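There are 4 protein chains.
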Amino acid sequence: MTRTSRAVVLEEFGKPLQLRRYDVPTPQEMAALVRVEYAGVCGTDLHLQSGHLPIPVPVGLGHEAVGRVDTLGPGLTHDVLGNELAPGDWVSWLNNIACGRCRFCLVEQQPTLCTGSRRIYGINQSADQWPHLSGGWADYIYLQPGTVLVKLPEAATPQQVIALGCAGPTAVHGVLNEVRVRSGDTVVVQGSGPVGLAAAMYAQLSGAKKVIIVGGPATRLELAKRLGVGHVHIDVFQVADADERTEIVHGETDGAGADVVVECAGVPSAVAEAIDYARPDGAIAVIGQYTDHGPTPINPHLITRKNLNISGSWGFGARHYLGYIASLPQLVANFDIGQMVSEYALEEANSALADVKSGAVVKAVLRVGDE
Amino acid sequence: MTRTSRAVVLEEFGKPLQLRRYDVPTPQEMAALVRVEYAGVCGTDLHLQSGHLPIPVPVGLGHEAVGRVDTLGPGLTHDVLGNELAPGDWVSWLNNIACGRCRFCLVEQQPTLCTGSRRIYGINQSADQWPHLSGGWADYIYLQPGTVLVKLPEAATPQQVIALGCAGPTAVHGVLNEVRVRSGDTVVVQGSGPVGLAAAMYAQLSGAKKVIIVGGPATRLELAKRLGVGHVHIDVFQVADADERTEIVHGETDGAGADVVVECAGVPSAVAEAIDYARPDGAIAVIGQYTDHGPTPINPHLITRKNLNISGSWGFGARHYLGYIASLPQLVANFDIGQMVSEYALEEANSALADVKSGAVVKAVLRVGDE
Amino acid sequence: MTRTSRAVVLEEFGKPLQLRRYDVPTPQEMAALVRVEYAGVCGTDLHLQSGHLPIPVPVGLGHEAVGRVDTLGPGLTHDVLGNELAPGDWVSWLNNIACGRCRFCLVEQQPTLCTGSRRIYGINQSADQWPHLSGGWADYIYLQPGTVLVKLPEAATPQQVIALGCAGPTAVHGVLNEVRVRSGDTVVVQGSGPVGLAAAMYAQLSGAKKVIIVGGPATRLELAKRLGVGHVHIDVFQVADADERTEIVHGETDGAGADVVVECAGVPSAVAEAIDYARPDGAIAVIGQYTDHGPTPINPHLITRKNLNISGSWGFGARHYLGYIASLPQLVANFDIGQMVSEYALEEANSALADVKSGAVVKAVLRVGDE
Amino acid sequence: MTRTSRAVVLEEFGKPLQLRRYDVPTPQEMAALVRVEYAGVCGTDLHLQSGHLPIPVPVGLGHEAVGRVDTLGPGLTHDVLGNELAPGDWVSWLNNIACGRCRFCLVEQQPTLCTGSRRIYGINQSADQWPHLSGGWADYIYLQPGTVLVKLPEAATPQQVIALGCAGPTAVHGVLNEVRVRSGDTVVVQGSGPVGLAAAMYAQLSGAKKVIIVGGPATRLELAKRLGVGHVHIDVFQVADADERTEIVHGETDGAGADVVVECAGVPSAVAEAIDYARPDGAIAVIGQYTDHGPTPINPHLITRKNLNISGSWGFGARHYLGYIASLPQLVANFDIGQMVSEYALEEANSALADVKSGAVVKAVLRVGDE
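Quick mapping for you: the protein sequence lines, in order, are chains A, R, U and Z. Using my numbering, the first residue of the first sequence is number 6, and each one after it goes up by one. Using my numbering, the first residue of the second sequence is number 6, and each one after it goes up by one. Using my numbering, the first residue of the third sequence is number 6, and each one after it goes up by one. Using my numbering, the first residue of the fourth sequence is number 6, and each one after it goes up by one.
If we strip away everything but chain A, and leave its shape as in the complex, we get (with noise of 0.2 Å):
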């Protein structure tokens, strides 16, 4: 007997989510079907449904989820980091396939600006095509040859894992690839959304001695203070004007400035701002710069002037996602991230994203499954 499956699709830009249910197919060679879990809500999904960005539709939303190996393809034995695989087992994979072949891929071995075919899951598959589960809004999820499948540790639970499904690999990337924190450095984060707050952790766990959230609204920097993320939490609500915002970060860094500002909020003034709370000879992560807004003012004297390094980090690829799923247990044994998440059934996945835009929680994630 043929089973079905649920799916949350986008039908038409601006419009509202539909529930579709589909045939679930068998994996083919190399491929994997996986029970869906849990699936995150995210601030793209917001964007993909207003049509901002250039995708096919109808599509399977869903792009950071974890789940339980139902049914592997033939040949499909382990895991990428070697560990062996079998239904039941829970699992997380990364959301895009890089081609492995373009110049990003092969020679500068930055397969996050891959600009070969990239395969990416809820986002630019078309549900009307085979195999139409390619969203992580769904009972099941059918997961193509060449995706980095990769079994959850058991030091966390499914729920903490995708806390930070996007997230947590988003920020390692910035935080532990492209600038460096060192033990006793004072961190500046721009944004309390879930980038920010994974940045700061993973500040905190580079031995970061002063963490500077600078975000809101308040009920996130509550939240950042119950979890124990960041020493100082300035709300921009608050303190709305940037001048004073300066000047309470150089306050608290003795007049120096940040060693390290991690802007995860993207809004373009912030970088104008980062710019102003580095030190001399500090460095800036610009992470959170993902929708193209056009042209903010940017004083380019103090590039100059504070001789600083800017660097920007684009989404992340394999070793990123590994990285979050390596970091795990330390993240969850100093951080209780799970608190971080509200649920929703997959039929409220419109209302899911409604919250998000109100900015009413800080994580929504579909609750799917039943355990």
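Warning: the hint list may mix true and false statements.
Identical copies look the same in the list; a pair holds intra-copy or inter-copy alike.
To be verified - Here are the simulated lysine to any residue pairs, SDA-like style, with alpha carbons at most 20 Å apart: (1) K215 - V112; (2) K215 - N339; (3) K215 - Q335; (4) K156 - D75; (5) K311 - G299.
Keep in mind the hints are simulated off the structure, nothing from the lab. These numbers were taken from a predicted model, which means no experiment stands behind them.
Position chains R, U and Z relative to chain A; hints supplied.
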């Protein structure tokens, strides 16, 4: 009989420079008296004269010069590289003495960011105070103990050394220390003044396959071509549209963008343009934004999207100055940099400044001595 | 009618190679059949023949080659850099296919350290298994899907490309990726075989002021001089005492020691000598120790005392191979590398191996085709 | 009335130290007189006494100490970080004054490699020459102009500061500046003396997931466990076979080898063992090979094969010393380093040296003052 020395002094901001005469002092312990032969005129001198920088007046100008040792103070027997010194030796010197005691001198080891009492010849030493002769636009200059004094290599003529007096070490800092040019790279240099030409030379010496100079006016680009500096020359007066320039740069790089962009133009908008020129994962050195012209529109999305690395580079210190001096044999073997120079008599300092301001010359040099 | 191809096969360790004949297969999807024109003979082939390396026999040898496209399998239309491919095009290819799935491929992004099932043409593909033609010492080679295949640039002749077939990408890895040669540096290269000469060339292209080659025998150093490779040449047969060589190196560097030392000699004691050559705070690339000869006496105190940086460099991957191909126009514009080559017919493979063993030639190349 | 000060003086190599008495000098311009409270005994002192190092005798020993300002010379009003100084303030100081003028001070910015006349308190200042009191094993020490003098942070007690007097800055240099420990790394530290323990602490503060200490004797490892330093402890006296130790390390790292190895053992063979411990593409810091014991067998093939990065690290300079001082609040919040110390009276200097030699204590400290 007491000797006297002429000195060109800025007495009042915005007013013509005056020729004064001072007694020539006898050097104290570890100090040196140098007979100036050539002294450069630099864009910074324009800013000093106009009063844009917070300096004391009256000040004897001239922060780049070469000359011959007149008298060595007791204890001063060798230059900083261990070469013996004697009267008559051709020498040059770093124009600033960092404090050696502040956080940036000691902990960060970035003395160009020195926050202590950094003395700068020809810029912040009052002409009214002993030893009066603290600028290079004079017959004699008094070099304090602690000055980074270095004997000139025989391979280069003094005229060649002064041709890139400030520009050479500035480019060493930006091109050799802040970014990395690899053999085979394509490099864009913005600006065709002395710093731009020096940056292009160091990029070529570092193995750049193609150097694209974006500058002007035409006379400067003609000089660059004559010197063999740059492989492609884009005249900003002829190609006045930034988008068109970007298109040319991309065309010259197989559509990829430049591996490295070195901003030496000083115009704020050049930084936004550098971001457009760079390839994904490329590097940008911002070494020309010395003056604060305030904010300019820059699109921060591109920093994230292109995973760029942007490095500011402020001035130069001993390591860069000595790096410049060490590079002279290679520089002059490849580029006839003496051609950059237009000579003026010491009395013609005001004309020289005017010609620098109008762009009529690439590098104005005061011919002080008789050799 | 079925075509057949000759292939030089190692059937038994320590025995002469045999000429076999196989049917020429038709390429499957994404595969390619290439008509070999030139194939290099490498020191590694000696180790393969003698049985020092754990490979399956029989194996068709030849892990560096260039040729012309004979037939493209379905779907294969472009090389990895996006150039269109057609029968008759001159091409070359990376000799190994990393698994793309192990920790070193995915997380560390060091595919040369791949611990998965890495296929190497001419080394670990059994000649008894289809497609049989998996080595370059043959009329035809069958390139599997996933091979890093690249069209040759017109600026270099195929003879020039093969001259540094393995040596070029090995040197790119060591000299351009593991250490940094700065404009003005003094570099010692140990070894004057193909890898040593290639390392010296890249050091010169990177702006090294002085390159000192420590090698031999005299014929190789003479060739180096003819090619303009190296500025100082020390013959280890004439200067047989290591201390004396060290003294010469220090004499050539004003007593300071070399900024960078690149070990390409393969003799274990060369590493101890490299440590003596290097200046304090200098860098050493160890790229020639391919074979395990066991321990050699090295003084670890000098590593601490001189604050050295020592970088090992193992083989080459796609980024280094494509880096080599990209550098060819610059390489051949500066060095007439075709002069390194001594040609042999395919039937003379055993003689070629013998001449490589005796050091009678610098670079033996099998001239397979007719062009 | 003239005050006098006791000083422990090494008069003759290989002989017991003598207690002398000198007049206490008045500090000249920019100098300082400090009342010593605690002075550390270091392995180097053993080498000094035995005559293994080329120093002048008689010399007042003591190159690591803390104390309180007694008298400030004219002009000395602030420490190097800009804190105001007054008599009675707790201070410490870098034990060496680099020349600031040689190639390594100026060009390479590696003052620990200073080749000029570097003055070292307690090591190369003759006790027979004024001001006589140039070592820390004395009631008073005279600090020359140019000494890197720093006020102690209130968060740490003077006993804690002296516990890692030399070891702390040595580890800062090696662990924070020469290699990079990333959050999540597994780190092996060889040696469990003060340098080894300090290295392990900085690795943990930098986010190392697992720190494996290979050292001994058992008492030192017990102390490490009590302090929470290291997660796995291998006793070289119990596990006397190097291969067995390597097997344990690989077992603790899932067979991969360590990401970073920090050699702090001083035994030459430790470097060969470090190479065995390291994972492919791993990093090794060689910071313990202070003494020249001559060559040891090392297999250079592994450097190439494993693509290793090996960094030597010599002593410490201002940036490392101030880095240590800055890290004290974090250090003592995590590790009760005062437990490392065994106190002796100034008159017991010979016993203290003997106990350091026998390994009976981890860190011997002379309790000079009354506090």
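Comparing the hints with the structure gives:
In this assembly of identical chains, the alpha carbons of K215 and V112 lie at most 20 Å apart only when taken from different copies (19 Å versus 38 Å within one copy). With identical chains, the CA atoms of K215 and N339 are at most 20 Å apart both within one copy (16 Å) and between copies (15 Å). Proximity of K215 and Q335 under a CA criterion of 20 Å is satisfied in both settings, with 19 Å inside one chain copy and 10 Å between copies. In this assembly of identical chains, the alpha carbons of K156 and D75 lie at most 20 Å apart only when taken from the same copy (13 Å versus 44 Å across copies).
For the identical chains of this complex, K311 and G299 are inter-copy neighbours only, at 15 Å across copies versus 25 Å inside a copy, given an alpha-carbon limit of 20 Å.
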